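Peer 1: So the sequences go chain by chain: A and B.
Going by UniProt numbering, the first residue of the first sequence is number 1, and it counts up by one from there.
Going by UniProt numbering, the first residue of the second sequence is number 1, and it counts up by one from there.
None of these hints come from the bench; they were simulated from the model.
On a predicted model such as this, the values are computed, not experimentally measured, just so you know.
Beta carbons are placed, not taken as given, at the ideal position from N, Cα and C, and that holds for glycine.
Be a bit skeptical, because a hint or two may be false.
Just a sample of chain A residues kept apart from chain B, beta carbon distances all over 10 Å, derived [to be verified]: (1) GLN65; (2) ASP67; (3) PHE77; (4) ARG112; (5) ALA236; (6) LYS324; (7) SER365; (8) LYS395.
Ranges between beta-carbon positions, derived for each pair [claimed, not checked]: (9) A:ASN234 - B:GLY411: 35 to 43 Å; (10) A:ASP233 - B:GLU353: 25 to 33 Å; (11) A:LYS410 - B:LEU288: 46 to 54 Å; (12) B:GLN406 - A:ASP233: 35 to 43 Å; (13) B:ALA283 - A:LYS395: 24 to 32 Å; (14) B:TYR287 - A:PRO299: 48 to 56 Å; (15) A:LYS410 - B:GLN388: 57 to 65 Å.
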Amino acid sequence: MSEAIQERKIRVGVVGVGRGSSFYGGAQAVGMELVAICDVWEERVQQLGQEFGVAAYTDYDQFLQHDMDAVILANYFHEHAPFAVRALEAGKHVMSETSACKTLKEGVALARAVEKSGKIYMMAENYPYFVYNQEMRRLYQEGQVGELQFGEGEYIHPCSAEEMAVLGPGLAHWRNHRAATYYCTHALAPIMFITDRRPTSVNALCIPFMESDSQKLLVRHNDSAATIMLRMDNEAVVTLNGVTLRGHGNWYRIHGTRGQMENMRTGDPNRVRLRHESYDLLDGEELEKIYLPEFPVHPDLAQKAGHGGGDFFTNYHFAEAIRKNEQPYLDVYRALDMTIVGIQAYRSALANGAPFEIPDLRDESVRVKYENDDWSPFFEDRGPGQPFPSYQGEKKPSEEAVAYARSVWKRIGREDVLS
Amino acid sequence: MTTGKIRVGVVGVGRGSSFYGGAQVVGMELVAICDVWEERLLQLGSELGVATYTDYDRFLEHDLDAVILANFFHQHAPFAIRALEAGKHVMSEVSACKTLAEAAALARAVEKSGKIYMIAENYPYFVYNQEMRRLYQEGAVGELQFGEGEYIHPFSSQEHNSISPGLDHWRNNIPATYYCTHALAPIMYITDRRPTSVNALCIPQSSADKERLHARVADQASTIMCRMDNEAVVTLNGVVLRGHGNWYRIHGTRGQMENMRTGDPHRVRLRHEHYDLLEGEEAEMIYLPEFPVSPELAQRAGHGGGDFFTNYHFAEAIRNNEQPYLNVYRALDMTIVGIQAYRSALAGGAPFEVPDMRDEAVRVRYENDHWSPFYEDRGPGQPYPATQGPMTLSDEAVAYARQVWQEIGRGDVL
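Bound conformation, chain A alone:
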C-alpha cells in the first residue's frame, strides 16, 4: 500500500447495516476506518456495532454528529439524496450507492449541496470498475476503436418469485414499485466511463410482466424490463437493456470509427474481445483478439473484493478523492446524468418512446427549470399527477402471489412487513 494511503485514516460512517459489514473488511486496505453505523433496524445495528467495536445509531442526525470525515449511504435505492444533502451540510464527504436521486428536484438540490459544501461526492457505481470495463476504457482512451458511434450496455438479473420476495420484503418495498427504467446505472455507467460521453436525450419502452411468465407468484406493480435508447453528446447512440429478463449477465460493447470491442458473453465474461476491419488495421493490430485483462492498479486487493473488483475500486477512488481533495470521476454530475436517464426514460416510456432531454445539472439555469419537479413513481409518493410504476397503469398482484410473498417474508423473519 502506498504511503499516501497509510498517512491518515479516513473515518467513515455507514448508513445501512448490510453494506456496513461488507465495508468493514475492505476499509483498511484503502486507508479508511469504520467508526460508526446507522440503521433503523435497531437489533441488528446494536449487534453489529458491538461486533466491530464501532458506534451504533438509529437516529441519522445523531449519527452525523459523530466525529467522522465521510458517510457512505447504503440505505434504500430511492432514498439517498436527502441523506446525502444532510451529510454534506454537516460537512461530511459522501459516497452514495445508486441511485443518486429519486426526482429531478432532488437532483437539483444535490448538485447545489455538493457545490455549496465543497465536500467530495461520489456515486458508488461499481460496474465501471469491473476489470473488462477498466480495460475497455484504457483501449478507448488509447484510440484503439476510434470514436463512439454505437454502444450497448446490459444488466440482466432474472429473479424467481421466491428470490424477489426475499429481496423485496413488504408490499410497499421499493423493489416492488421501481419503474423498469430506473435501475439503468449498471448498464449505462460503464459506457460513460469508457468513452467520457454523456447522454443528452432518451427514448425508452418498457416491457410488461407477461401472463405467460413462469414466475406467476411475483408480487409486482411494475414492468419486467425496459429498453432505453440514448443520444450521446457526440451524436452516437447507446442502448441499455435490463433488468428482470431471462439470460443473466452484464454485457457492454462499443462500436467506434476504427474498431469494435466488448466483453465476452460466453465463458469467462471478464475477457475482452477487440476487433478491427482489415482496412483499419495498424501495425501490430489483429483482426480479432480475445484476452483476459488485468486491473490497472492493486489487482491483488481488487480480486478479493465483491462485484468483480468493483467494490474495491469505489472505496479506493472515494478515499483517493478525499486525500487529494479532488472530485472523483463518478462525481455528482455524472451520478446525476446516469440517474436522470432512468427518470426521463420512464417519462418517455409513458409517451410511447417520445424523446425527452437529459437535463445537464452542471448548469444552474437548467436546475432552475427542474427545481420543483417532484414526479415520482414510488409508493410513498402516489397521488394526483404521479405515475404508476407500470407503463400500463395500476397493477395489482394476485391474491395468490401476495399470499406466497407473505409466506416467504414470514420465513425470513420479516413479520414487521406483514401488517
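Please build the complex by placing chain B on the supplied structure of chain A, with the hints as guidance.
Peer 2: Quick look at chain B alone, frame taken from chain A:
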C-alpha cells in the same frame, strides 16, 4: 419435386447467374432473363441458353410461371405489380417497396391476382435462425419479451464505391433505417410476432472516420426499437458500423437464446435460469444445429443456406398454391419498419405506427403516401437521406469515387 418444372424468369443478370445453378434442385428452370445492361445480358443468355430481354413488358410476355426480381433495392414494387397483373408468381428481393403508397398497391395487386408473392429474405433461413424458430415453437424459451437483431456490414471507401457506381446510386442515397430486414426478419420468423410501432435514431457519419472517401449522402447506421404485437420490445442495429456480423437473440418468459458472437456463428446458445429448468434441460447449452430439410443442398448454397431455402419455399408455395411464410404482408411489415423508422429518426425518435397492410381500411389511409428519401424523388416535401439534412461531399471523396468507378469499368456513371 420433379412434377412439372416451374419456368422462371429473372430480372437482374447478377442474380440470374447465381439462380441458374440452384434452380433445378428445387424444381425450377430458368427460361428468361431481363436487364438493361445489354452487353452482359446477351452474353449470359447465350451462356445459359435462355431468352434475353431488355424490355420488361416483352419479358413478361415470355411463357413463364414466375418472376424473380433482383433489380435495384428500391425498385421492386412496380415491377412486382406488373408481373402479378401479367399472371406471374413473384419472388422479390428486399425491399418490398419504397413508399407506403407502393405498399398499399402491392398488397392489393397480390390479392387481386391470386398469385404467389414471396420476399426473398434469406436471413431467417440461416441454420441458427431455423433452429431458434424450432426451439421457440416448442416453447423452449416461452414468450418473446425482448429481442435484438443485428446486421452489421462495414465497408471501406473502396468497397463501398465499387458496389455503388454513380452519385445517384441507391446505396449512396439510402437512409440508414431502410436496410433493416436482415435484422428484423429472423426475429419475426422465430417468434411469429409483428411490429406495431417504431422509435428510431440514426447515427451520422463521423469526421473521425477515415473511410469517408465515398459518395454516400446518408447516415452511417441506425438503431430501431420496435414494439411488437404482444408488447415485447425488439431492437435492430445496423448497417455500416465496425464489427462485422449477424446476431440475433430472444429473451422469453422461460429462457433465452441467441446465435454465437464468437467462433462459429452458426452455433446456438440456449439458457435457462435454475428456477425455469424442466427435466432434461440444462442451464446452458451451446451446439451446432442442423437444417430441418435438405441439409446437403442448403450447405452448398450462398448466404448460409438462406439462398437455397428462399428458392425452395417459393417453389413449394407455387406447387402447393399456398402463400409462403414470407408472404406479402410480412414482406410489407418488415419493409415498412425501415420507412417509418426513418420518419421517427427525423422526429427525434418519436413513435410511428407500422401500418398493417392486411387491412384495406389502413391501406386507404396510406395509398397516397409517396414520402421517399431516394434520389429520383427529391423535391418539395421529400426528406433527405441523412437526418441532419443535405450533405455535401468533399471534392476528395467524389474524385476517389470516380476513380473507383472508372477502375471497375463503370465509365457510364461518370
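Peer 1: Evaluate each hint against the coordinates.
Peer 2: Each hint, compared with the structure:
no., hint, result
1, GLN65, "holds, 46 Å"
2, ASP67, "holds, 47 Å"
3, PHE77, "holds, 22 Å"
4, ARG112, "holds, 30 Å"
5, ALA236, "violated, 6 Å"
6, LYS324, "holds, 32 Å"
7, SER365, "holds, 22 Å"
8, LYS395, "holds, 13 Å"
9, A:ASN234 - B:GLY411: 35 to 43 Å, "holds, 39 Å"
10, A:ASP233 - B:GLU353: 25 to 33 Å, "holds, 31 Å"
11, A:LYS410 - B:LEU288: 46 to 54 Å, "holds, 49 Å"
12, B:GLN406 - A:ASP233: 35 to 43 Å, "holds, 41 Å"
13, B:ALA283 - A:LYS395: 24 to 32 Å, "holds, 30 Å"
14, B:TYR287 - A:PRO299: 48 to 56 Å, "violated, 36 Å"
15, A:LYS410 - B:GLN388: 57 to 65 Å, "holds, 59 Å"
Consistency with the previously given hints fails for numbers 5 and 14, ordered from lowest to highest.
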